Amino acid sequence: MHFGPHLLLAALEGLVTSAVLALTALGLSLVFGVMRIVNVAHGEFFMLGAVLAWAISTAISGHPAIGFAAALVIAPLLVGLVAFLAEWLVLRRLNYNPESTIVATIGMLYIIQQLALTFYGPEARPVEPPFSYRILLPWFGYSGYKLSVVAASAILLVITWLVLTRTKIGMIMRATQYDRETAQAFGIPVERVYAGVFAVGAMLAAIAAVLIVPISQAHYLMGQDPLLLSFIVVIIGGLGSLRGTVVAAVLIGLSDGIISMFFSPTLAKIIATLVVAMVLVFRPQGLFGTAPR
Amino acid sequence: MRDASPAKTYALHIGVIALLFALNFVLPDYHQGLFARIMALAVFAMGYNLLFGYVGLLSLGHAMFFSAGLYGAGLTVYHLGWGVPEAFLAGVICGALLALVVGLLALRTSGVAFMIVTMMFAQVFYLLILYFAAWTGGDQGLVIQQASRVFSIGGASFDLTDPIVRYMSALSLFAIVLLVTLAVVRSRFGRVLVAIRENEERTKMLGYDTVANKLAAVVASGAICAASGAAYALLFGYVGSNFASIQYSILPLLWVLLGGAATTLGPLIGTLFMYYVTDITSGFTSAYLLIVGVALILLVLFAPKGIMGSIRQRWLGWLP
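Protein chains in written order, with the numbering used here: chain A, 1 to 293; chain B, 1 to 320.
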């Protein structure tokens, strides 16, 4: 294959990564933006989504599309429930103290990971894609499913944006984000908003995982990379900025796809992590963020 | 931080060291080995505690300082054939230098950003170890041969593979670091650190250079953690990349939280307790991480002051 098509392939792969990353990072960004806490267990909600998707799609016989559709609905709901319980049982009692919540979510990370290992096992298992249509390009065939993942992610991002900017729920969330105490004084049930945001953030990660699991398999350690990449995206995009998150996800996804196709993936990760650490040190509001809080 | 009874305080710490010395002759072989490991790792926890407990800076990247010591000592022995004392010193210097660089950069941030930045630097360090697998052995690690773990001081020869020498070496390091930490937290410098933790702006207004003090604390903490790593490599003869992974940044946090942040003896108690809990439960279940996770959550929910912190609050106000 020549350089041009090779680059196109790398870019397409990068675009799929970006799509999934944007959803996952959006969840992390919402939780950070509204609740001002860092959820270290976010990657595990992603993993839980993928593992549940496998469990649901294997439990349902018939055409793979039926199982997949069921997983796409049920897995995020279950993950949302787990997140809701975690928020209700632990985070609320910590009064959302940033440092205590980090320690507590590290604890959740270990618990979820260990439970997945115990009940799901150390194997990586695939989920059958709902359809296997291949789009024939002049140089190579490309999976139609992968492109539909990009489309699905774009639709979900637009919906989230509409909810945040055009609905009353979105307004309540933004009000809570802007000033918690004033929002409470105006009768906004801040605690319920927090619980909802935490659950929705986890559900976004779970949806992203269900979408990706027919492409890459479900594994109990698969939450590590999305967590780190989401951190990177959220920091580069500016904490709490939706547009910045999407732009950064596309940037990181594409460069990750292209760099790791031509160089060592470890080297790509080292460079990306170092760049992001430097961004955080020298430009804490992110590349696209506005003034610091 | 009451300073009413220095004699009582020193007596307690000397007593703990004497007790550990005596245990060497009482403990069965298996537990003697475990205690040597616990004392070496308690030094790691003490280094972490200096920054987390006294300055209030929560780092999620201390595995890099531990493994800087580990590799600084391990690689110089393995590749350059250095002796034990030189290699140990090399490890500590590596850790201190790394801490200086990381501190200069990371201290520009605070709060949540500080945690994420330290975590990312540690991740870079971890990936570098994997990337240079040709020298570091990658995730397979390197085994340091018995022959290169023998050294002599003043004519007397010490073999670190011998259980008693190993125990006594770990104890010596532990005792030195414990007494140094005690002296530091009782010194002027230690008080400034606590003042920074309680109210950084006010400390600044009182005329203290808070950035320089924090940097000094990061370097001291990094050097102590590196000493622990270097000792670990030389005492147990193995270096590997999993000591640089995020898990080894979380463990000292767990030990310190459990034992009691900002207490001098807390790190030892936390490490001891957690090690034995893991050791006992691993007889029933392999779900070791589950216990770590549950312990972390229960601690932040119900005992944020840890074991020694609670004892100090309830009964012994003079505990340092």
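The hints are simulated quantities; they were obtained by calculation from the structure and are not laboratory data.
Just to be clear, a hint being listed does not mean it is correct.
To be verified - Which residues of chain A face chain B? A partial, calculated answer using Cβ under 10 Å:
| hint | residue |
| --- | --- |
| 1 | Val40 |
| 2 | Ser61 |
| 3 | His63 |
| 4 | Ala65 |
| 5 | Glu99 |
| 6 | Ile106 |
| 7 | Gly107 |
| 8 | Leu109 |
| 9 | Tyr110 |
| 10 | Gln114 |
| 11 | Leu115 |
| 12 | Ala277 |
| 13 | Met278 |
| 14 | Leu280 |
Just so you know, these numbers come straight off a predicted model, no measurement behind them.
Heads up, the beta-carbon is just placed ideally off N, CA and C, and yes, glycines get one too.
Tested hints:
no.	hint	in the structure
1	Val40	holds, 9 Å
2	Ser61	violated, 32 Å
3	His63	violated, 37 Å
4	Ala65	violated, 36 Å
5	Glu99	holds, 5 Å
6	Ile106	holds, 6 Å
7	Gly107	holds, 3 Å
8	Leu109	holds, 7 Å
9	Tyr110	holds, 3 Å
10	Gln114	holds, 4 Å
11	Leu115	holds, 7 Å
12	Ala277	holds, 4 Å
13	Met278	holds, 8 Å
14	Leu280	holds, 5 Å
Going down the numbered hints, you'll see the structure goes against 2, 3, 4, while the others check out.
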